[in-house]
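Here the protein sequences line up with chains A and B, keeping their order.
Residue numbers for the first sequence follow my numbering, beginning at 1 and rising by one.
Residue numbers for the second sequence follow my numbering, beginning at 1001 and rising by one.
Treat the hints with care, since some could be wrong.
[As the list claims (entries may be wrong)] With a straight-line Cα cutoff of 30 Å, these simulated DSSO-like cross-link-like pairs (lysine-lysine) come out:
id: 1; chain 1: B; residue 1: 1160; chain 2: B; residue 2: 1094
id: 2; chain 1: B; residue 1: 1558; chain 2: B; residue 2: 1613
id: 3; chain 1: B; residue 1: 1587; chain 2: A; residue 2: 13
id: 4; chain 1: B; residue 1: 1575; chain 2: A; residue 2: 231
id: 5; chain 1: A; residue 1: 13; chain 2: B; residue 2: 1592
id: 6; chain 1: B; residue 1: 1350; chain 2: A; residue 2: 203
id: 7; chain 1: B; residue 1: 1389; chain 2: A; residue 2: 110
id: 8; chain 1: B; residue 1: 1589; chain 2: B; residue 2: 1558
id: 9; chain 1: B; residue 1: 1300; chain 2: A; residue 2: 203
id: 10; chain 1: A; residue 1: 143; chain 2: B; residue 2: 1350
id: 11; chain 1: B; residue 1: 1350; chain 2: A; residue 2: 220
id: 12; chain 1: B; residue 1: 1404; chain 2: A; residue 2: 76
id: 13; chain 1: B; residue 1: 1269; chain 2: B; residue 2: 1124
id: 14; chain 1: B; residue 1: 1468; chain 2: A; residue 2: 231
id: 15; chain 1: B; residue 1: 1292; chain 2: A; residue 2: 203
id: 16; chain 1: A; residue 1: 151; chain 2: B; residue 2: 1292
id: 17; chain 1: A; residue 1: 241; chain 2: B; residue 2: 1535
id: 18; chain 1: A; residue 1: 231; chain 2: B; residue 2: 1367
I should point out that these hints are in silico values taken from the structure, not numbers from a laboratory.
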Amino acid sequence: MSNIDNIEPPLIKDEVGSLHPINQVKDFLLNMLADLGFQEVDGPEIESEEFNFDMLNIKKSHPARQMHDTFYIENKSHVLRTHTSPVQIRSMLETKPPLAFTSAGKVYRKDDDATHLPMFHQVEGIYVDENVTFANLKDLIHKILHNLFGKDVEIRFRPSYFPFTEPSAEVDILSVNGKWLEILGCGIINPIVLKNCNIDPEKYSGLAFGLGVERIAMLKYGVNDIREFYKSNLDFLGQFK
Amino acid sequence: MKFVYQDLLNFLAEKPSKELLSEKLFQLGHEHEIDGDIFDMELTPNRGDCLSLNGLARDLNIFFGKAEPFKIFEDDIEPLNLNFKNLSPDACPKISFLEIEIEGSTNTYKPYLENYFSLLGNNKTNLFTDISNYISYELGQPTHCFDASTINNQLIFENKICNDSFETLLGSNINLEGKNCIFTVDNKIISLAGVMGGKSTACSSQTRKALIECAYFEPEEIIGKSIKYNLVSDASHKFERGVDIQAQEKILRRFITIVQDHAAIKNFKIQIFDDTAIEQSRIPIDLERINKILGIDIEKEQYLMILNNLGFEINNNELNVPSYRNDISSQNDLAEEIARVLGYDSIKSKPLEIKNNLNENINHIYKVKNFLVQNGFSEVINFPFTSIKDKKSITIDNPLDSNKSSLRISLKSSLLENLQYNERRQNDSIKLFEISDLYSRDDQINLERKLGIIISGRRGHNYKDFSKKLDFNYLNQILNEGANKNIFTIEEISRSDLKTKKKDKIFYTEVLIGNIPGNLYKDYKFNEEQINFIKYQPVSEFPSSVRDFSFSILDFKKYNKVINLISNLDDDILKHSYIFDFYENKKIKEIKVGVRLIFHSVLCTLSEEEIQKTTQRLLKPVLDLEGVSVPGL
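Generate the whole structure from the sequences, applying the supplied hints.
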């Protein structure tokens, strides 16, 4: 290549952008759950108290319903949904069992500090059929966590409380530094919720689970401050190509 | 709730080690942290019954047996004839009073009482209040102590709309609004029931005759009050979660015993106001159902043994639910009790196969997003809260920031903020997009799912695009010409209202997702790629430093090596490098290659010396080549 006429100009690489890491993790979870048989359903972020709370057995006295925890809008006529569960309520009302749905998206709580934001993302799932048991729920949660953290991950179930599930559990994984990390909440759908959705709790039972997308993203990417996801900093976003 | 390890051991028949106790508390669902001998519990809101030593011991009974270390006064007590009226029995179905008078007082407490203050860091107040606080720790029931000499007329309990000021026993003045449970004397509020008493009737070290109130308040009537009035109290925490409606007499009898331990009692009387018949809660014994919920095969004997140990009484074919377990009403609740005691981890998984025929089409939004990413755009996500109000805007009743009390009806202002943020961080080529649901209202709430795109700065960093700007034509070509349809209305956003010295033009477009035709991405291929969980590198908060170099290549044999070397520069402080200029001067037989190096550090602003040193090291292999130079370097 001693002749200037034979010189090839430097190769131009396409400058690709990036999908937001939270949406990447959300889609990853949804795809994984689709592979397990779940179908994604969609719903509004503005909800009635009935669908956001009442139908889910969250009583008027529950702390989550207070003005300091939930964003109320238009003279308390509606709320910004505090979880994606109302989407599942709508789906259960429209579909007869067996059913397996996931719902994902933005949810809102009146929080703002280094570990909590007023908006974050959830992926939730429900499965309703005859004879769905807590032992089945454990199998499903193991599959999800093995997909996320590998087959060797150590998993711990411990009792918890959610008004819409009974029994309820929180699930932890053992981190490399020997600490248990809370990963998701799950449980057997409370028969009251099934009844609210016109599903006969004597015949059917169901399981439900929910994951915080930001929490999974922080663990998987090693991001320590949740606020980094929402600064829209190209130096940050560009790392997730 | 905090407790001292030794205190809980006193309530247990066996004496487990701290480690074993911790393990069993976790198994039962009682999260906690341990600091020395102090257990700091984080109990779930349905387990108000465990907010005491006695309550935790009841739950641990199955593992360690429960002891009854405390004495209660067991003799007959003279009845009290208190001038009291309960005007709201729905809010307070049961309330009891103890009037107790002592001779003298003491500053010296028995070890069990003294330790409660010294080991847990609680402040002493006066004998009656101190005993009240200790009993709440021991048995979980808050009591309130009035100085009996200050109550000279009818005492009334009422759940009513208030518009009054009230001075708490801590001396803060609050204005009560809306419905509140209150105690009054002569129409004057003396206590915000279930939350905090008032100063005018509070006990002091001089108090010799106290009226101890012990009540059950409906949680719905107490919840939210402590936050509303910024009055944090152990009492409200417990009443919000529900206390044992049947324990009042036992609590007051225990109160007498502790007073007896510390002072000579002159006189005491008791009165219980039972305004509502309280029904025993019962659940049928249904082992088959329990096994079906959990997916286990437990024997009836074990099932009954577990529940019996948790305080459930067997009554023919039913179980009597203990009065302190407000959270138990169904077979699913019982299933959780069984599972907790067996241990969630001991329940074996059973395979779950969900049969569902799914449509595996990759959806429209996914394709639009990936089309944009392949064209160099980066996705952002913004909060919907905005200061921009429009007649269609939806208003938040209780915003976090009163300046941002509306929900955005357009993505424009968020994306403009994102663009300016990145400009301030020295990004010179910005292409961002966001897809979000937007809500507005007329006579109903409307939802639109929109895509917003904003651009400004250089078209790219390669030598062909470096000098070109992102402009209308660029966006139009990618979007409208790409879609073969003019559906994207592209506008220029004026910089005149923006606080910026930047001059690059800003272009913006927003469109309904549903209006974007599939033509836009018809020539692109999308695969559902595996996610790459990279380890994120912290982003520098310090300014970057830019250095440009123009390489002169006279020996063309070295050309490929030069390009290869400068395309693979790498250093911890080298954020980015690229060839921004390429020129062949055929006349003088010289090739010019312009290279930009951008340096930054996550630790500090880099000094000129550090940058120079790194630059020399990085460029040395290139400059060592004969026939290659950087004129002027």
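Hint by hint, here is what the structure shows:
About 18 Å separates the Cα atoms of residue 1160(B) and residue 1094(B), which keeps this hinted pair within 30 Å; it holds. Between the alpha carbons of residue 1558(B) and residue 1613(B) the distance comes to roughly 24 Å, so the proposed pair stays at or under 30 Å and holds. The hinted pair formed by residue 1587(B) and residue 13(A) meets the criterion: a straight-line CA distance of about 29 Å does not exceed 30 Å. Using a Cα cut-off of 30 Å, the hinted pair residue 1575(B) and residue 231(A) holds, with the two alpha carbons roughly 19 Å apart.
For the suggested pair residue 13(A) and residue 1592(B), the alpha carbons sit about 19 Å apart, so the restraint of at most 30 Å is met. Taking the CA atoms of residue 1350(B) and residue 203(A), the gap is near 20 Å; set against the 30 Å cutoff, the hint holds. Of the pairs offered as hints, the one joining residue 1389(B) and residue 110(A) holds, with about 21 Å between alpha carbons and a cut-off of 30 Å not exceeded. A C-alpha spacing of about 14 Å is found between residue 1589(B) and residue 1558(B), which places the hinted pair at or below 30 Å, so the restraint holds.
Our distance criterion of 30 Å between C-alpha atoms is met by residue 1300(B) and residue 203(A), whose separation comes to about 23 Å. A threshold of 30 Å between alpha carbons decides the hint, and for residue 143(A) with residue 1350(B) the separation of about 12 Å falls inside it, so the pair holds. Restraint check for residue 1350(B) and residue 220(A): the C-alpha separation of about 28 Å stays at or below 30 Å, so the hint holds. Distance hint between residue 1404(B) and residue 76(A) is fulfilled; the C-alpha atoms sit about 17 Å from each other, no more than 30 Å.
About 26 Å separates the Cα atoms of residue 1269(B) and residue 1124(B), which keeps this hinted pair within 30 Å; it holds. At roughly 27 Å between alpha-carbon atoms, residue 1468(B) and residue 231(A) fall within 30 Å of each other, so this suggested pair holds. Simply put, residue 1292(B) and residue 203(A) have alpha-carbon atoms about 11 Å apart, close enough for the 30 Å limit, and the pair holds. At roughly 28 Å between alpha-carbon atoms, residue 151(A) and residue 1292(B) fall within 30 Å of each other, so this suggested pair holds.
Distance hint between residue 241(A) and residue 1535(B) is fulfilled; the C-alpha atoms sit about 12 Å from each other, no more than 30 Å. The suggested pairing of residue 231(A) with residue 1367(B) holds, with an alpha-carbon distance near 25 Å, which does not exceed 30 Å.
Violation of the numbered hints given earlier is absent; every hint is satisfied by the structure.
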